[in-house]
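A.B. asks: Using the hints, put the two standalone chains together into the complex.
Residue numbers (my numbering), protein chains in the order written: chain A, 1 to 181; chain B, 182 to 549.
Since the hints were derived computationally from the structure, they do not count as laboratory data. Note that the structure is predicted; figures quoted are calculated from it, not measured. Watch out, some of these pointers could steer you wrong.
Claimed, not checked - Distance windows between CB atoms, simulated:
#1 65/A / 534/B: 14 to 24 Å
#2 397/B / 58/A: 46 to 56 Å
#3 111/A / 201/B: 50 to 60 Å
#4 372/B / 140/A: 49 to 59 Å
#5 308/B / 1/A: 37 to 47 Å
#6 455/B / 38/A: 26 to 36 Å
#7 30/A / 389/B: 34 to 44 Å
#8 1/A / 229/B: 39 to 49 Å
#9 87/A / 534/B: 54 to 64 Å
#10 170/A / 478/B: 56 to 66 Å
Stated by the list, open to error - Some chain B residues judged to face chain A by a derived CB distance under 10 Å, without partners named:
#11 209
#12 210
#13 212
#14 324
#15 363
#16 417
#17 421
Cβ coordinates follow ideal geometry from the N, Cα and C atoms, glycine included.
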Amino acid sequence: MQTEVMFAGFGGQGILLSAKILAHAALEQGLDVAWVPSYGPEMRGGTAYCMVVMSDLPIGSPVIRNPLHLVAMNLPSLEKFAPTVKPGGVILVNSSLIPHGSGRGDVRELLVPVNEIAIKLGSVKSANIVALSAFVSRSKVVDYDTLIRCIQEEFAQKKDLISLNLKAAEEGRKLTYLCSL
Amino acid sequence: MGKVLMKGNEAIGEAAIRAGCLNYFAYPITPQSEVAEYLSRRLPEVGGVFLQGESEVAVSYMIFGAAACGERVFTTSSSPGISLMSEGISYIAAAQCPAVFVNIMRGGPGLGGILPSQADYFQATKGGGHGDYRLLVMAPAGVQEAVEMVMRAFPLAEEYRNPVIILGDGLIGQMMEPVEFPDHLSSKPSNKDEWATNGMATRKSGRPNIVRTLILDPNTLNEHNLHLKEKYERMKRDEVRYEPYNLEADYRGLIVSYGTMSRVCRSAIDALKEQGVEVGMVRPQTLFPFPEKAIEEAASKESCEVVVSIEMSMGQMVEDVERSVRGRRPVEWYGTCGGDVPTPEEIMEAMKSFMSSESPHLVHSSTG
Chain A
1 MQTEVMFAGF
11 GGQGILLSAK
21 ILAHAALEQG
31 LDVAWVPSYG
41 PEMRGGTAYC
51 MVVMSDLPIG
61 SPVIRNPLHL
71 VAMNLPSLEK
81 FAPTVKPGGV
91 ILVNSSLIPH
101 GSGRGDVREL
111 LVPVNEIAIK
121 LGSVKSANIV
131 ALSAFVSRSK
141 VVDYDTLIRC
151 IQEEFAQKKD
161 LISLNLKAAE
171 EGRKLTYLCS
181 L
Chain B
182 MGKVLMKGNE
192 AIGEAAIRAG
202 CLNYFAYPIT
212 PQSEVAEYLS
222 RRLPEVGGVF
232 LQGESEVAVS
242 YMIFGAAACG
252 ERVFTTSSSP
262 GISLMSEGIS
272 YIAAAQCPAV
282 FVNIMRGGPG
292 LGGILPSQAD
302 YFQATKGGGH
312 GDYRLLVMAP
322 AGVQEAVEMV
332 MRAFPLAEEY
342 RNPVIILGDG
352 LIGQMMEPVE
362 FPDHLSSKPS
372 NKDEWATNGM
382 ATRKSGRPNI
392 VRTLILDPNT
402 LNEHNLHLKE
412 KYERMKRDEV
422 RYEPYNLEAD
432 YRGLIVSYGT
442 MSRVCRSAID
452 ALKEQGVEVG
462 MVRPQTLFPF
472 PEKAIEEAAS
482 KESCEVVVSI
492 EMSMGQMVED
502 VERSVRGRRP
512 VEWYGTCGGD
522 VPTPEEIMEA
532 MKSFMSSESP
542 HLVHSSTG
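Excised from the complex, chain B in its bound form (with noise of 0.2 Å):
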């Protein structure tokens, strides 16, 4: 199959079905919304179950209940609506059931607006919901690396038992760009025999599984928090991804970016050096785990005098930029958070600013 040009929001339907996916359940919302139309129509045609809930809340809890039986499921929605689902995520998250939910991130907070916006990185990176759990996030920068990161979700997510969620923004979802899809979705045998309450019949080892997230016992949860304390520190080891841009160069600025933001700081990086000024960029492609050693090496370049998160928040993955610096560099922000996305010259004339202010870097600068 050759490339086809096609929307984000349905490439992701179709990336999941390609994944194996066929349960997906979901209640509606702005600008994601077309992953619901689509699938509606698609997965009839595969055998698949199409599910409209009758709120956020009570589709985390199918999402829930299925993952529980060691059924492929996933859900998409948006900021408010992932909001709802928190609670749910959380659940699944402490009963280590494998789930993908994909969050078209529009602006926040409250209802916001519905133009592309990257509010919910403290949301998706540092818990939304209540406990010590996280999630492992992916973040797409086009519809090709959607696709690939929703195919690549399902398997991970059966690795970790773990829910992964990728943070998208409503350009991915909208915006239509050509996309090849892998033929066949390699992953390992299934391991939901060790944990899926799938029936006695097929079961080798004749215990029955229980799901559950009530454990009253201090020792058996501090055990219990210990193991996915174990998994999450096995996430940061082995699934950090990320994507360097420039770093040969002898770069004055470094930038941190990621998703759509990260294309608008690869257009202003080439332009730049059609100047003559050298920046670089680490795009992170997980954000949990975080490429803390990668931001840490790239900003330690003798040229490099200022690190850059550029995104589109108030300043949200800056405090994870400036753990992995440590220090050695002063950190900086530059974004928006209306929906209005910034442009090449905006953040060449931000670039700019920063690597020829001479005073150190204290505080993070604002635009409007």
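Just chain A, same shape as in the assembly (with noise of 0.2 Å):
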């Protein structure tokens, strides 16, 4: 079984590191795994995008067209990549950042507004790791525990985010439990 995963926001958003944040959880499960950004020529502010594979097979093409899920962090990425998920898949919407859903009435959709609860708990730069920890409560596509100790081990260099880090996962796994009541 494969699945794949879309990252994108804008440069700066922290797209790269919550995407290896899950490539390192699904290695840690064990998994076959490509973790392969976009390196094109982009300029500052514009978009940043990450495609993370994970297959418990050796994995085949890493280039994949048609992502099972995405994690869109604003509005151009939206735009850009949800007509290409898959039916069945989660798109999980920055709803600090952008007006609507994504029209798509055959996904499984979550908005959370993953700015506003980061600077709650002290920092929009964890609003990245908000949204990895309600991307993963809601698909499941790795064990949230394993996720908490890849973030752990992320930021293990840097002792003082540590905790800040792991509230917003908290607050993201929250947030994910009572959007599905």
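C.D. replies: Right, dumping it as structure tokens:
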């Protein structure tokens, strides 16, 4: 079984990092994984996106046009990638910056104001972790506990950021739980 | 050490250190600058030398100098940079010095683009620089294989006293995949006392070694080139590597593809199988020497109607595929060369159209 997750937003939103943490969690769970960043000539503030492919079999093509899931952190990303998501997938919409949903009726949509939540916790920088945690809680592409371990490991060198990001993860999880009630 | 998640470019740098290479001279260029970034930090930690040259031309001669002294040395670059290094590479091959080059290819010609491409096939396998020389060319299809090939490249370069080049594309360099590093590099004792200008103090022979490439006497130059040819023939005999895929099936189409492109083909072959359509693949892991016999044999299978070279270039490897198939089956080309990697669906469609065509395929097809 192969799962693909597209993370997309603008430069500085921590797109590559949250994708890397997910890829790490997939590796920890014994899956084959490919982390494929966009590395084209992008300007500051332009779009940044990154595909994570995970599979219990060796991954063939790491280049995916139609991912199963999407984490959209800004409007241009949602507009660009929402139409490519496979039916039945999860689309997480950062409702702090995106005024509407994907318009897709055949996906599981999750509207989360990740920026506002992160600002309340003390830093907008943790918005990517709120989104990642909310996405994982809903899609269950990896175990939540594994994800938390990988977040701790990622920030191991920056101890002051661990508690902020763990709080961000917890908020993301709680919110997803409430949304699915 | 277990598996770690690592970017191809960084893993290539780490693999070189683990192969015992402590000399890296380079000039940055996208999409492989992370190798230099990584090694600028790592090499000082292990007592190695990181040196950014003033240009790729200069770098190639720094490599020549270190190699001539018997040091393990390597560099990495991307297409236009390798063009600049090609003069030095010709000299290194002529002087029979071992060195490892990595080309993380980008689209060309000229400055081209920075997205994945395989447009330097000719440059790597047929020359690049001047004169009758060959490079041993290895082509990884993922980060783990890139690591293994880098670690193998050093002993091979020393055994043959010839430069080895690893041909990857932007995706191999930029992608992160799980990697497991082999612990130690097992290699034969170095033969460098026979040729390296490493000083007379430890030399057993008492004979000075001289590194040179100017050979004005026609007979001596002819002898020299025949000796080089003998080495290249030995590579053809002993160093061919390839991976067969789905060749046990009664395939109607045979794909020849390498690197990132071959992984897309693998996905296409799996999906076609689910539709009841069998396609096989030979994936060259060495591009020189080329797996000619394996391709000829696979093409000769009774069920096989057509052989297709699928590559991210305008049709370069297809010439070697044609040479290998020796007219036994029609040979086609399919590919792109702008940086967009074809999808499995596009490969599936292309293979179906090649296999359904009733007329002999005499003309190469092209796609947009």
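A.B. asks: Using the Cβ atoms, figure out if residue 30/A sits within 34 to 44 Å of residue 389/B.
C.D. replies: violated (57 Å)
A.B. asks: Does residue 212/B pass the interface hint, meaning its C-beta sits closer than 10 Å to a C-beta of chain A?
C.D. replies: Because about 6 Å separates residue 212/B from the closest Cβ in chain A, which is inside the 10 Å limit, the hint holds.
A.B. asks: Quick check on the hint: residue 421/B CB to chain A CB, less than 10 Å?
C.D. replies: violated (23 Å)
A.B. asks: Measuring from the C-beta of residue 324/B to each C-beta in chain A, is the shortest one below 10 Å?
C.D. replies: With a closest approach of 9 Å, the residue 324/B hint holds.
A.B. asks: Is the shortest C-beta separation between residue 209/B and chain A less than 10 Å?
C.D. replies: Because about 14 Å separates residue 209/B from the closest Cβ in chain A, which is outside the 10 Å limit, the hint is violated.
A.B. asks: Using the nearest Cβ pair, does residue 210/B come within less than 10 Å of chain A?
C.D. replies: Where the cut-off is 10 Å and the nearest Cβ of chain A is about 13 Å from residue 210/B, the hint is violated.
A.B. asks: Should the hint that residue 455/B and residue 38/A are 26 to 36 Å apart at their CB atoms be regarded as holding?
C.D. replies: Since the Cβ atoms of residue 455/B and residue 38/A sit about 30 Å apart, the hinted range of 26 to 36 Å holds.
A.B. asks: Regarding residue 170/A and residue 478/B, is the given constraint of 56 to 66 Å on their beta-carbon distance met?
C.D. replies: Because 60 Å falls inside the window, the suggested range holds.
A.B. asks: Can you let me know if the beta-carbon spacing of residue 111/A and residue 201/B is within 50 to 60 Å?
C.D. replies: holds (54 Å)
A.B. asks: Holds or violated: 39 to 49 Å for the Cβ distance of residue 1/A and residue 229/B?
C.D. replies: holds (43 Å)
A.B. asks: Could one say that the CB atoms of residue 87/A and residue 534/B fall in the range 54 to 64 Å?
C.D. replies: With Cβ atoms ~28 Å apart, the hint is violated.
A.B. asks: With respect to the beta-carbon atoms only, verify the hint that residue 372/B and residue 140/A lie 49 to 59 Å apart.
C.D. replies: At roughly 57 Å between Cβ atoms, residue 140/A and residue 372/B fall inside 49 to 59 Å, so the hint holds.
Violation of the numbered hints given earlier is confined to hints 7, 9, 11, 12, 15, 16, 17; the remaining hints are satisfied by the structure.
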